[in-house]
Each structure stands twice: as structure tokens, then as C-alpha cells.
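Whenever a hint applies, use it, and build me the whole structure from the sequences.
Oh and the sequence shown: position 292 is 292 in UniProt numbering, straight run, nothing missing.
Calculated from the structure, these hints are not laboratory results. Any given hint might turn out to be false.
Stated by the list, open to error - Cut-off 30 Å, straight-line C-alpha distance, at most; resulting in silico cross-link-like pairs (DSS-like, lysine-lysine):
#, residue 1, residue 2
1, Lys413, Lys139
2, Lys120, Lys139
3, Lys12, Lys122
4, Lys210, Lys384
5, Lys122, Lys413
As the structure is a prediction and not an experimental result, all values here were calculated from the model.
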Amino acid sequence: MPDSGAPIPEPKWVFPPETTLLSDGTPPLSPLETRLRAVGDYADIETIDLSVVDLHADRDALGDPQRQLLETTVSRALAALGSEGLGIVYVVGYGLDEAAVQRQYDIASVFFDAVDDEEKRKYVAKIAEEGSWAGYKPKGYYNRPDGTQDVNESFNFYPETMYESRMPQATRQYLDEYRRFLEVCHYTVVSKMLYILSLGLGLPPDTLWKLHHQGGYDDDGALRGPSDEAIPWKHSQDHFRFHLYCPPREEDMKKKPERLWMRSHADIGTLTLNFSQPISALQVLTPDGKWAWVRPKPGAILVNFGATMEYITAGRLKAAFHRVSEPPEDQRRSRRLGIHYFVKLLPNVRIDVPLLTGHDDEVDHFREYRERGGPPLKYAEWEKFRSQWAYRPRPVPSADRTLEDVLIDLHFKEGPYSEATKT
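Rendered as C-alpha cells:
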């Protein structure tokens, strides 16, 4: 591995070739996609084109074709993401082409392939201590209840922590590119998705955006400041992650009847943006309780809802339970690099009282918490609580049920390694 301070060649992340084990008789969506999966194994996932959304347009002044296109997009999104849907969609038309996404994978690889372990350890995140993911999550961080090794590693940033002294030396030359990518995620993808969802819920179009962002739709330039100063970020503490799944030991996989790389869970926040890559591994839980494979779609972002979106809409919008399965045999020994953008509410938004009430099939997740006299629960407090409990074994309940017991129960309904996660 090169010295962390030395120049490195232009980075390149090479995805593995497609599997040749089986074919379903249809051409792959990408020359790298596995052809192992039969068509019937794939989830039927809606595609939403964000280019139809103009955040600054007067909707009353739209022509009939534009208005109809927007209304159709809103209707399709709500059907896919509502209580009877998957809670997951493909998103296109967000302003980046496949080459731009590939470039982000290339420079993401620098964190893992051009930084030695000694330097990585300087940036270890204080997940258990403070509930903060900012920094490096090393292999072996978690002691998993099933006794298997934690072989995944990741580098994580909040917008306000994306500056040079919080990054390994070899990655600093790409800081502007990381920041520009994050800008697209927040100011384009998130804003337009929340616009569509607000309309679908019958709310003013900026309702959900105001729960994530201080101000209007214009880019406020917060991510374009000096390279080594903390960013004056006043919006949601979104979580940008480069995640490297490393092939586990076969002896560990034998302990897992389902042969999973990551067990079922729902993400903590409101939305998660997952950028496309060709290794077949991700599965989503369908409304009929079955697991379906997520087919890679080049250039698209796979957007799934997190548990907080379900909380604030009282179940009108659905959190997507998902898991990472072992890939097919000829992709199995490849490292799987993921780029993820986890979207959060503003820190002071209260989440124990739903934003929407009075609809059919309303689900009030925090009712017991309030009935037991729980104080107002702000999003930042809940995020910290869940992060600190991530991958920990479930404790023995108190003799007298406490507010913490109530919150722990809610956490273990969505987090991995619990009896409630549907494997």
C-alpha cells in the first residue's frame, strides 16, 4: 500500500464481471450485471424521473402536458412508497450521468486502497460513545451476537464534517468532488423527492423539505467554503457513507442459514440514496412478506424510505425493510463498494407525534412512549439512541417497564440482530 502522503495514481474502481452461471434469457441491464437471477426473482420497482419537477415553477401556471406529467409522477411515487408499496423506487433525471457516478466510485476507493490501517485508525468514529458516525468505522468494530466476524468498513461524513483535517491525507485532493456530489444529493435529489411526496400527501409542496432544510430551495453555498474549516451547515445532519463489504469467511457463512452479509433492517432516517453498482446482493421485503432481489439499474439511484418517514406520516409512507445477501458464486469473492446518502430530519424536529393523522390504517409508533409520560422526543436524540444501540444484543427488560424499554423495543423492531427483523 502506498505511503498515505505520497502521490497516488489516478484512482479507478473496477467492478467484477457478470456471472456466467445461468441466464434468464433476457439481456442484462448492464454488461456487468449478474445473469443468475430469473426475472421472477426481481422486485417490481417503480422508476421516478425527477426532471419533471421544477421547484421554482408556479404549478397553477403550468401547461396541461406539464401538469399532467407532474400529477402522474406524484401518483406513481405515492403508490410505490405508500403503505401498500415496497417503500423503494429507482430515481433518474437527477443531473448526473453514469460517468459522474463511476467517478465517485473511483475516488471513494481511495479511502480503502490508498490509506493504511494505521492512518485509518486516526479517524475512528465515536459511534458507541457519542452516537456519531463521523469518521471511520473499522472492520471488527461490532461484536455480532451470532459470533461471526464484522468484515465491513466504511468512511462516514456529515456535511459539517467534510473538510480536510477530518479526512485521510490521500483523499484530500478530491474534497471538492466529494462535496459537489453531496450537493447534488441534498439540493437536487432530496428536495425534489420531498416535493413529490408532499404533493402526494396533500400537503404544501415544501412541507417535508422544511423538516430537513432551513430556508428555500436555492443552494446556499454552505459546501463551498474553505477546505479546512468546519462547514456552517444549518440543515439536516445527512450522513454520506462509502461502505466496503468484504467477503466473509466461509466458516462464518456456514453459521448463517440464510447466508446473509447484512441482516434485515429499516434505516433510521427518512430517505436513503443508494447509488447503482452491479453486484447482486440487495433484497427488499415485499408487501406479501417475501424477499425479492433488487436489480441493478445503471445510472439510477435506488431510494428507500427509513423508519422516521413512517413515523412522521403515521404509516402513510412505508419504511423499506431490506438486507444484503451473499452474491452469486462468481461475484462472491469480490469486494462490494457502496455509496449511500442517509437523509435525516432537522435535529430539533419532534418525532414522537405524527405529522399526519386521521387516515385509514394509521400507525402511531410512539403512542406507548407518550402514554407513559415520555418528554418530547427530538430527532437528534432518537438518532443518537439508535446509533448507540446498533448491533448490540437486546438487553433483559427492566422489572418495571421504563421509557428506555419502550424505545429499545421500537429500535429492535427496525434494527438488525433482533427477533423482529424478519431475518
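When the structure is checked against the list of hints, which entries are broken? Sort them ascending. 5
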